[in-house]
Amino acid sequence: MNTEKQLFTVSVYTENNIGLLNRVSAIFQRRGINIESLNISSSEIEGVSRFTIVVNVEEENIKKIIGQIEKQVEVIKAYYHDDDETIYQISGLFKIKSDLLFEERQIQNIIKESSARIVTVNKEFFVLEKSGKKEEIDLLHRELKPFGIMQYTRSGRIAVTKDEMKISTLLETYNN
Amino acid sequence: MATETIKSKQTTPKITERISGSEAIVRSLIAEDVNIIYGYPGGAIMPVYDELYKYQDKIHHVLTRHEQGATHAAQGFARISGKVGVAIATSGPGATNLITGIADAQIDSTPMVCITGQVPSHLLGSDAFQETDIVGISTPVTKWNCQVTKAADIPAALAKAFYIARSGRPGPVLVDITKDAQFEEFDFSYEKCLKVRSYVPVPKTVEGSLEAAATLINSAKKPFIVWGQGVILSEAEEQFKALVEKAGIPAAWTILGASALPTSHPLNVGMLGMHGNYAPNKLTNECDVLIAIGMRFDDRVTGDLSKYAKQAKVIHFEIDPAEINKNVKADIAVLGDAKDTLSLILPLIQKNAHTEWHQKFKDLYAIEYEKVIKNDLHPTKQGLTMGEVINEINVQSKGEAAIVTDVGQHQMIACRYADFNKTKSNITSGGLGTMGFGLPAAIGAKMAAPEREVVSISGDGGYQMTIQELGTIFQQKAAVKIVVLNNEFLGMVRQWQQLFFDKRYASTEMTNPNFVAIAEGYYLKARKVTKREELAAAVKEMMESKEAYFLEVCVEKEDNVFPMVPSGASVSEVRLA
Numbered sequence: 001m002n003t004e005k006q007l008f009t010v011s012v013y014t015e016n017n018i019g020l021l022n023r024v025s026a027i028f029q030r031r032g033i034n035i036e037s038l039n040i041s042s043s044e045i046e047g048v049s050r051f052t053i054v055v056n057v058e059e060e061n062i063k064k065i066i067g068q069i070e071k072q073v074e075v076i077k078a079y080y081h082d083d084d085e086t087i088y089q090i091s092g093l094f095k096i097k098s099d100l101l102f103e104e105r106q107i108q109n110i111i112k113e114s115s116a117r118i119v120t121v122n123k124e125f126f127v128l129e130k131s132g133k134k135e136e137i138d139l140l141h142r143e144l145k146p147f148g149i150m151q152y153t154r155s156g157r158i159a160v161t162k163d164e165m166k167i168s169t170l171l172e173t174y175n176n
Numbered sequence: 177m178a179t180e181t182i183k184s185k186q187t188t189p190k191i192t193e194r195i196s197g198s199e200a201i202v203r204s205l206i207a208e209d210v211n212i213i214y215g216y217p218g219g220a221i222m223p224v225y226d227e228l229y230k231y232q233d234k235i236h237h238v239l240t241r242h243e244q245g246a247t248h249a250a251q252g253f254a255r256i257s258g259k260v261g262v263a264i265a266t267s268g269p270g271a272t273n274l275i276t277g278i279a280d281a282q283i284d285s286t287p288m289v290c291i292t293g294q295v296p297s298h299l300l301g302s303d304a305f306q307e308t309d310i311v312g313i314s315t316p317v318t319k320w321n322c323q324v325t326k327a328a329d330i331p332a333a334l335a336k337a338f339y340i341a342r343s344g345r346p347g348p349v350l351v352d353i354t355k356d357a358q359f360e361e362f363d364f365s366y367e368k369c370l371k372v373r374s375y376v377p378v379p380k381t382v383e384g385s386l387e388a389a390a391t392l393i394n395s396a397k398k399p400f401i402v403w404g405q406g407v408i409l410s411e412a413e414e415q416f417k418a419l420v421e422k423a424g425i426p427a428a429w430t431i432l433g434a435s436a437l438p439t440s441h442p443l444n445v446g447m448l449g450m451h452g453n454y455a456p457n458k459l460t461n462e463c464d465v466l467i468a469i470g471m472r473f474d475d476r477v478t479g480d481l482s483k484y485a486k487q488a489k490v491i492h493f494e495i496d497p498a499e500i501n502k503n504v505k506a507d508i509a510v511l512g513d514a515k516d517t518l519s520l521i522l523p524l525i526q527k528n529a530h531t532e533w534h535q536k537f538k539d540l541y542a543i544e545y546e547k548v549i550k551n552d553l554h555p556t557k558q559g560l561t562m563g564e565v566i567n568e569i570n571v572q573s574k575g576e577a578a579i580v581t582d583v584g585q586h587q588m589i590a591c592r593y594a595d596f597n598k599t600k601s602n603i604t605s606g607g608l609g610t611m612g613f614g615l616p617a618a619i620g621a622k623m624a625a626p627e628r629e630v631v632s633i634s635g636d637g638g639y640q641m642t643i644q645e646l647g648t649i650f651q652q653k654a655a656v657k658i659v660v661l662n663n664e665f666l667g668m669v670r671q672w673q674q675l676f677f678d679k680r681y682a683s684t685e686m687t688n689p690n691f692v693a694i695a696e697g698y699y700l701k702a703r704k705v706t707k708r709e710e711l712a713a714a715v716k717e718m719m720e721s722k723e724a725y726f727l728e729v730c731v732e733k734e735d736n737v738f739p740m741v742p743s744g745a746s747v748s749e750v751r752l753a
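If you're matching them up, the sequences are chains Y and C in order.
Read the first sequence against my numbering and you will find it ends at 176, with the numbers running on by one and no gaps.
Read the second sequence against my numbering and you will find it ends at 753, with the numbers running on by one and no gaps.
Careful, some of the hints might be misleading.
Stated by the list, open to error - Pairs of lysine-lysine residues, derived as DSS-like cross-links and limited to a Cα-Cα distance of at most 27 Å, are as follows: (1) C:Lys598 with C:Lys527; (2) Y:Lys77 with C:Lys380; (3) C:Lys483 with Y:Lys63; (4) C:Lys486 with Y:Lys5; (5) C:Lys598 with Y:Lys71; (6) C:Lys486 with Y:Lys166; (7) Y:Lys63 with C:Lys486; (8) Y:Lys63 with C:Lys505; (9) C:Lys483 with Y:Lys5; (10) Y:Lys166 with C:Lys371.
Claimed, not checked - For the chain Y half of the interface with chain C, some residues (derived, Cβ under 7 Å), not all of them: (11) Glu15; (12) Asn61; (13) Lys64; (14) Gln68; (15) Lys71; (16) Val73; (17) Glu74; (18) Ile76; (19) Pro146; (20) Tyr174.
By construction, these hints were calculated from the structure, which means they are not laboratory data.
Ideal Cβ positions, reconstructed from N, Cα and C, are used throughout, including at glycine.
Generate coordinates for the entire structure from the input sequences, incorporating the hints supplied.
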């Protein structure tokens, strides 16, 4: 087993109940592990939520954490994966002065080359959206920074696994 | 996120009746066969108390003197009866005062349901009078918790609470109910919860694991069993004893596992861990197969993990999959309820004796007896020892008493030396080490098993943390026998200060009150013993008393508890002095 710290994507399927975020995040907090990113959304199954949590830990540790997460009454199943086993994306939003869009040719090139998308434009500002790997968003951020960014934010990672998760089958066994 | 989804399975035809939320709480408790609850009233839970007044022929409410006492009493009740203990409190400080007991129940896997009143729902989050976010506060120390703001959700929430508290690896749950939900009327019906989707209380035993475990046990030359409370919680004592006897394997216990196998059983080789017996600690690092049953390899048991049983193949019988490989890597994990898995493995086990290996335990016991036990139980020097007091209680109770201890030196001495002939006889705070646990827990234990002799043993420190519960004992006429071993020190901390802090006794010496006068102030029979020649008669008088009895024994001020595995050391580095 790899004893080096590495990025793992944790996927947790849960009942859609109040308080679970608290319980799940507390498991990381108790062990002094910083959550790199966290996203909670509905999943492919109605009434079932999916947490996508990114952490930088040793594999031995993440295995124990998965056990602790699965122990929570309303957690259906938890998995961990490395980057090679998932397809993942994050999204960044950049709010920039509209003048720059017209006056700085360089900005137009950056937008074109980065495949970023203009979400909205008005007299004062325009908003750029870029989805991709963290490095790609970071690169765009670095390139735009010298021109002045009015606001910048980045989402948590969302991920799907290359392998099947079989949650529906699992739920069927629970229901029987 | 959406509101709570509570699934339950209907078992009886629904008969509805229009009642208030507070009456529904009481009726739900009755439906769960609850007849004793421990608690303390206050503003946000008053509607429930009003209903309890109406239903006092069905539910006996015990007014403790502090909410912490209510949780420990509920724990004592649960530990001796195997049923769910119930504690109830108001919002705010009432609710936060439950936290210590809840945390204690969580780490010691004690089934408990706590019900707290909450400010009306329209005031939630407004810093209203006596409002706290008790669901948030209790989240890390409950197996499950929820807040109810509508009367109609009360029956299902409580049904789920009881199911979760008692099933699988038991634990505490908390249901917080707003005052408006207590007043609101709705059509009540109650269905017991038998299942919660996504919750698997007992995991499936992995195919082949029993056979693999049996093969390993049968081929072992120096097998060693370490057992914990899982044996008691799953009521597997009979199957456990049969396995130990058939396989002829020496077996040692964790503090919460005590009493699952009688102390006098020839294969019971004693207590594990920091203040455990010499032989089981030493030989943990010599056995070839370590069979852990219903125990979680707590750090007080293992000492330095990097040097713990490295030579042994480990088989772990466990109900909680998260415990597998958490501290000690298991070569074979046998998941499931111990009663089931032990029943299934028994026919696969070959009869054996392991006489030579067992003799090693006896030889090391002889060394421990000579260096430690003899002096503890039969001292020749002046000054009473804690051990001889426990020994006298053994003699007078014939090992039949349930011993409820607090936390500290007296606890280690009581657990080491008390005779346990019956299961569920050792009620103590293991994982959390909660001083103040003993006295209120003894109240709960006595009320759950009035036919049993319940002896509460405390030190002078812990006793004073919940001394107010003498009032509960007096009011409830709970015939608890209370022994305080008074060494005028926070003894265990003082021992550490002596051994590891250069005898700098910082804030551990206690100037104590007149304990006998305090007990008598609560109208309890009381006696103080300072000399050896008074001890036997005093213990006899206490045990023969039909009522509660307080006995203070002034013991040696600076006695230490040995053996001892120093914190962070290996179990085989166990010290005898």
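Hint check:
1. As the CA atoms of Lys598 (chain C) and Lys527 (chain C) are separated by approximately 26 Å, the hinted pair is consistent with the 27 Å bound.
2. For a cut-off of 27 Å, the pair hint linking Lys77 (chain Y) to Lys380 (chain C) stands: about 15 Å separates their Cα positions.
3. With a C-alpha separation of about 22 Å, the suggested pair Lys483 (chain C) and Lys63 (chain Y) falls inside the 27 Å cut-off, and the hint holds.
4. Among the hinted pairs, Lys486 (chain C) with Lys5 (chain Y) is consistent with the structure: their alpha-carbon atoms are about 25 Å apart, no more than 27 Å.
5. At roughly 32 Å between alpha-carbon atoms, Lys598 (chain C) and Lys71 (chain Y) are farther apart than 27 Å, so this suggested pair is violated.
6. This hinted pair does not check out: Lys486 (chain C) and Lys166 (chain Y) have alpha carbons roughly 38 Å apart, beyond 27 Å.
7. Taking the CA atoms of Lys63 (chain Y) and Lys486 (chain C), the gap is near 21 Å; set against the 27 Å cutoff, the hint holds.
8. Between the alpha carbons of Lys63 (chain Y) and Lys505 (chain C) the distance comes to roughly 12 Å, so the proposed pair stays at or under 27 Å and holds.
9. Under the criterion of a C-alpha separation no larger than 27 Å, the hint pairing Lys483 (chain C) with Lys5 (chain Y) is consistent with the structure, at around 24 Å.
10. Simply put, Lys166 (chain Y) and Lys371 (chain C) have alpha-carbon atoms about 21 Å apart, close enough for the 27 Å limit, and the pair holds.
11. At about 6 Å, the closest approach between the beta carbon of Glu15 (chain Y) and any beta carbon in chain C falls short of 7 Å, and the interface hint on this residue holds.
12. Interface restraint check for Asn61 (chain Y): the shortest CB-CB distance to chain C comes to about 11 Å, outside 7 Å, so the restraint is violated.
13. For the restraint placing Lys64 (chain Y) at the interface with chain C, the shortest Cβ-Cβ distance is roughly 6 Å, inside the 7 Å limit, so the hint holds.
14. Because the smallest distance between the Cβ of Gln68 (chain Y) and any Cβ of chain C comes to about 5 Å, under 7 Å, the interface hint for this residue holds.
15. Residue-level restraint check for Lys71 (chain Y) holds (minimum Cβ-Cβ distance to chain C is 5 Å; threshold 7 Å).
16. Because the smallest distance between the Cβ of Val73 (chain Y) and any Cβ of chain C comes to about 5 Å, under 7 Å, the interface hint for this residue holds.
17. A cut of 7 Å between beta carbons decides the hint on Glu74 (chain Y): the least distance to chain C is about 6 Å, and the hint holds.
18. Among the interface hints, the one on Ile76 (chain Y) holds; its C-beta lies about 4 Å from the nearest C-beta in chain C, closer than the 7 Å criterion.
19. The beta carbon of Pro146 (chain Y) is not positioned within 7 Å of any beta carbon in chain C (closest approach about 41 Å), and the interface hint is therefore violated.
20. Proximity of Tyr174 (chain Y) to chain C holds as hinted, the smallest CB-CB distance being about 5 Å (cut-off 7 Å).
When each numbered hint is compared with the structure, violations occur for hints 5, 6, 12 and 19.
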